[in-house]
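Take the two lone chains, each set in its own frame, and fit them into one complex as the hints suggest.
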Amino acid sequence: MTKKVMTATAAISNAVRLAKPDVIPVYPITPMTKVAEYIADYVANGELDTEYIRVESEHSAMSAAIGASSTGVRTYTATSSQGLMYMHEVLFAAAGMRAPIVMGDANRSISSPLCIMNDQQDSITQRDAGWMQFYAKDGQEALDLTLTSFKVAENENVLLPAMVCIDGFIITHTNEIVDVPEQEDVDRFLPPYVPKYSYLDPEKPVTVGSMTDSKYYMDARYGVEVAMNKSVKVIEDAFKEFKDIFGREHDLIETYKCEDADIIFIGLGSVCSTVKVLVDEMREKGEKVGMLRVVSYRPFPSEKINEAVKNASKLAVIEKDISFGMGGALYQDLKTTVEGKEIIDFVIGLGGRDITPSTIYEVLERTKNPSKIINWIGIEEDD
Amino acid sequence: MDFPKEEFLAPGHRGCAGCGAALVVRLALKQSGKNTVVIAATGCLEVMTTPYPETAWEVPFIHVAFENAGAVASGVERALKAQGKEDVNVIAFGGDGGSVDIGLQSISGAMERGHNLTYICYDNEAYMNTGIQRSGATPWGASTTTSPSGSVSYGEDKPKKNMPMIMAAHGIPYIATASISYPEDFMQKVKKATETKGPAYIHINQPCTTGWGFEPAKTIEIGRLGVETGFWPLYEIENGEFRVTYRPTERKPVVEYLKSQKRFKHLGEDEVEKIQEYVDNQCEELGI
Ligand SMILES: Cc1ncc(C[n+]2csc(CCOP(=O)(O)OP(=O)(O)O)c2C)c(N)n1
Ligand code: SF4
Ligand SMILES: [Mg+2]
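Order-wise, the sequence lines are chains B and P.
Quick note: the first sequence, position 63, residue 63 per my numbering, numbers continuous.
Quick note: the second sequence, position 21, residue 21 per my numbering, numbers continuous.
Be aware that one or more of the hints could be misleading.
To be verified - Okay, the calculated bits of chain B under chain P, using three or more residues with CB under 8 Å as the criterion:
| no. | region |
| --- | --- |
| 1 | 153-159 |
| 2 | 294-308 |
Claimed, not checked - Here are the simulated distance ranges between beta carbons:
| no. | chain 1 | residue 1 | chain 2 | residue 2 | range |
| --- | --- | --- | --- | --- | --- |
| 3 | B | Ala220 | P | Gly75 | 49 to 55 Å |
| 4 | P | Ile62 | B | Tyr197 | 46 to 52 Å |
| 5 | B | Gly247 | P | Asp157 | 40 to 46 Å |
| 6 | B | Leu200 | P | Gly171 | 58 to 64 Å |
| 7 | B | Asn45 | P | Gly171 | 53 to 59 Å |
To be verified - Cut-off 35 Å, straight-line C-alpha distance, at most; resulting in silico cross-link-like pairs (DSBU-like, lysine-lysine):
| no. | chain 1 | residue 1 | chain 2 | residue 2 |
| --- | --- | --- | --- | --- |
| 8 | B | Lys285 | B | Lys341 |
| 9 | B | Lys4 | B | Lys335 |
| 10 | B | Lys204 | B | Lys304 |
| 11 | B | Lys20 | P | Lys262 |
| 12 | B | Lys20 | B | Lys230 |
| 13 | B | Lys20 | B | Lys304 |
| 14 | P | Lys265 | B | Lys4 |
| 15 | P | Lys274 | B | Lys20 |
| 16 | P | Lys161 | B | Lys20 |
| 17 | B | Lys4 | P | Lys262 |
| 18 | P | Lys265 | P | Lys252 |
| 19 | P | Lys30 | P | Lys262 |
| 20 | P | Lys158 | B | Lys20 |
| 21 | P | Lys262 | B | Lys3 |
| 22 | B | Lys20 | P | Lys265 |
| 23 | B | Lys215 | B | Lys368 |
For the record, the hints were derived by calculation from the structure and aren't laboratory data.
Yeah, the Cβ is synthetic: ideal placement off N, Cα and C, and Gly gets one too.
This is chain P alone, in the form it adopts within the complex (with noise of 0.2 Å):
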């Protein structure tokens, strides 16, 4: 696959070394191009692209607030067609707080009126703008600071809400799961969402080094992990038609990737093989 070489997020923005969320957008932006209005959530990429005077935006972007990504979407999405500019890509981006937590309701919203959209949810599985409070895409047994790990805890006690699944229920045209990882696989996706007409929604698994606690240098290999050990699965349901879009050769143990992060390392062998049959569960029931 060709990789355009234009950018649409500058660098210099104040995202820690190694963020995934960066790479979310400008490998998005790179597929969609400069015919592109950007919406944003309240969230470590809003907060870490946008201190005044400078942006880090090279397409046009707005920022109202945490809840209500979907909704701004929705507004700018009329706004453009009442001005004849249908062809004008509206993408929204929302961590996964502010989209399957304290946004879902306005995403639902714009989901089922059919806004011609694509919403990203890069999902780094916690409130990181706010230091690392669980929310509801926290998987099962990381330690966060609202699900600490302690002498009667394990961490996190919920499994990770399914929000690809809830947008499916929505029965819009396009859904994808993706990894920053997979660029080529998320790129494709992006032209997809973006070439659907009405909504679209992609959920992409972003490695967050501050957040889970590895090297900088390892967000690629962390997100390579989920997808290896069957953490994290890369689909897409196209028209109700749903497809698996990349396959390990050989599913690696899960221990391989919870080992890999700080917010993991309490875990004990009981509390590891529980989420292996998780995901043991997860594969079979997707056919992976």
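If we strip away everything but chain B, and leave its shape as in the complex, we get (with noise of 0.2 Å):
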């Protein structure tokens, strides 16, 4: 292993380097367009061997990638915002042709107005779609995401593409130490693709993405959602391998003092390293508070949330996108697997509007004594 100081994108890019999909087809968008460059600088130099597909759109990035997963080879793309929204279409047809596909998205705000700047509306938007979706807290959890997604996505048993979200600029352009693992051992830990299931090959003719009628679309369905079911499982495991072959461990869930919390803040991606510091400050002053991030949001491991959460009297749920009218994506599935918490949510940063200590603290005194359930943190609203 190699420690170096690189940000985000390049250690994505590492990952893919090592990860050796066979078909890579990409489109530009900030702020995720470092990794087409970095991978394209791999091929230009003779470091990847790999089919590199300069694609015209996202639509055509994320097509492509159906059609060179559904060839039986692995497959790599990714986005961010408007690009990910342009694969709308595609995305759910990834999942119900079972196509193990893995994409990198940086969380950025979605137009109009046209933003750059970070929030999380974009994959949180997508998770009805069928894909795994895990949120990285830096560049090293991006990383080790990234290749634990590759076996993830093509275990037989789980046969789902898998996404992994960093939030855009705040993550994506930061410098920070990343141990970068050798090729031997992720050889090891990520052998190559062999599709169990057939494919397209003019040795065994198959027909992928037939039509339906109703006899049979619902069972397809219910496929995926099997199979969202049975990846806790497989990525448990593949956490375990993880850590025996590089050491680090990862889980379905962060948690930093929950055990005793009164008030626990739960959210997804970085900003739970600001409330992570946030929480000792808060203690010493006498604040029972924890803090549990999501790191899987599909699929979504009600099981581990509930075990945390048992002590403690009052979720806050911070959250970067909204429902309108009914509050974020987190704070409605928390409503649906926690029971008997006082379940509070706070929409924060849309479009990269910063996040400081004051707005936690404003967060902590919000729930300790709530005037409403869904609050809009950094601006004034309208009662």
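In structure tokens:
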């Protein structure tokens, strides 16, 4: 292993280089473009032997990825925001066709108004597509989750595409120390992809992407549901193996001082790093608080979350997305899975609005003395 | 030719010093005038001119997304028609990426349906707004961030997509190529395009100081070299009639154009020769 200082996009690109996908169709978009550029450099300098397809749109990037994956090879792509939105139609196709594509997404707000800064509306909006979704807190975790994603997605009990999300700019453009694994260790963790089921091959002709009537459609959809549920165990096993080989530990959730906490902040991605620091500070002031970070948003780790929050009385959900009039998606998910707790939702940081310690203190205050369930922080609310 | 004094793109926008895209718009709008609605695709032009709460546009302007300027313009044109305002000039601007790649289908639909609009592709031969990635309009041999030159690569390995001829295949009444370095020629073409009943398409070459790698003061000079070497031909196709609108008296060797820009500086003699051959064939085919 080599420790190097690099941005998260470089870390992700290294994961891709080490995973050796056979086909990479990709289209540039800020703040994920660097991944396309690093891979182009690998190819131009002979460091990665892959079919790099410079497609003409994201719809084509995902479509080419489905074509490649359905032809039985490891496939990767990366995008963000408008690009992910433009893929929307074919994201569902990828999952329904059980194509184990891995994709990086730099979380960025969506238009209109056009804004390139961070929030998580882009990927949250794709939550029903049938993709696994992981939210990394930094470049190292993004690298690790990208490698793990290939292993899980390609597992014969899963065969679902996976998305690794990182906060645009906040993480994509931040330099940090990253431990880049050795190729031989990665090869051990992630052997070449061998598709179990048939794929496009003249030796064994199959029809992929059929039209069905009501007799079969629902069964196919249920197949995705079953795979999503099964993926929990596959992810846990993959994390164990990851630890054995690389020494780093991962889980579907991260918890910090939740055991005796009365209020637990729950969120996705890098904002939790801010919260973690503040948990210590708040505890010094006598506040019994904790932090829970959802790493795997799909599959949703309901059991683990319930276990982790069992001693708390209030959950403060901090999230960078909104289903207008209904609060954020994480809030709604927690409402469905966690019983007997007061759950309050805080919509923050949309379009990259700064999240500072005082923002989180405001969340704490409003959780202790709630006046409503859905709160927009950082703007003057219209009551 | 008399250049109207009036400007419809305000100064102080956020384009790079020496940006040719701003010139494309200034010249086009001087010609089409106040009675114009502008549609733009996502790209440098839209980003540099509309940082809320400011705008550089003195005519009505709309941007929706990257891939759909042709379709948005179709809606605008029909709504104007529904209101009896058929005299308004509808002009859509798209970068090369927004036009020849992701937006091609949307433009094709608009052209096929015969909307009364002018589509202007300002071609800087790469995705500049996101940091110089190749597009279908990137010329062979140019180094970009997704077609970098490297130990096993000489840069972009595909020739430029011939968008004006793709538009010609739609059988629309007016198609032209243009260059910012030949403003009279361009404005004459905008005049014809906006006066045409039905769809018109103009593809204008726009040197980009940041993406091509040259001094901001040289924008016009480089645009001119492009035309003088035959790298960028100027022509129009009016109701099916093809006409070259500017013929260099003596074509300069293409190497003069190539060596003026960083994006070509890695090319060796063999590659330069190949490009010269390509340009010679193109000029022969077009009668330049
Ligand atoms: C669907 C979608 N994909 C990608 C992007 C990111 N993006 C914005 S502008 C741009 C490139 C624009 O290139 P071009 O059309 O040539 O215009 P230029 O910036 O060069 O003027 C890209 C890739 C986007 N906004 N929407
Ligand atoms: S990058 Fe090029 S096209 Fe974009 S504003 Fe700068 S000079 Fe103009
Ligand atoms: Mg361009």
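Against the structure, the hints come out as follows:
no. : hint                              : result
1   : 153-159                           : violated (count 0)
2   : 294-308                           : violated (count 0)
3   : Ala220(B) - Gly75(P): 49 to 55 Å  : violated (36 Å)
4   : Ile62(P) - Tyr197(B): 46 to 52 Å  : holds (47 Å)
5   : Gly247(B) - Asp157(P): 40 to 46 Å : holds (41 Å)
6   : Leu200(B) - Gly171(P): 58 to 64 Å : violated (37 Å)
7   : Asn45(B) - Gly171(P): 53 to 59 Å  : violated (45 Å)
8   : Lys285(B) - Lys341(B)             : holds (24 Å)
9   : Lys4(B) - Lys335(B)               : violated (41 Å)
10  : Lys204(B) - Lys304(B)             : violated (43 Å)
11  : Lys20(B) - Lys262(P)              : holds (32 Å)
12  : Lys20(B) - Lys230(B)              : holds (26 Å)
13  : Lys20(B) - Lys304(B)              : holds (33 Å)
14  : Lys265(P) - Lys4(B)               : holds (31 Å)
15  : Lys274(P) - Lys20(B)              : holds (34 Å)
16  : Lys161(P) - Lys20(B)              : holds (31 Å)
17  : Lys4(B) - Lys262(P)               : holds (30 Å)
18  : Lys265(P) - Lys252(P)             : holds (18 Å)
19  : Lys30(P) - Lys262(P)              : holds (32 Å)
20  : Lys158(P) - Lys20(B)              : holds (25 Å)
21  : Lys262(P) - Lys3(B)               : holds (34 Å)
22  : Lys20(B) - Lys265(P)              : holds (31 Å)
23  : Lys215(B) - Lys368(B)             : violated (52 Å)
Of the numbered hints listed earlier, those contradicted by the structure are 1, 2, 3, 6, 7, 9, 10, 23.
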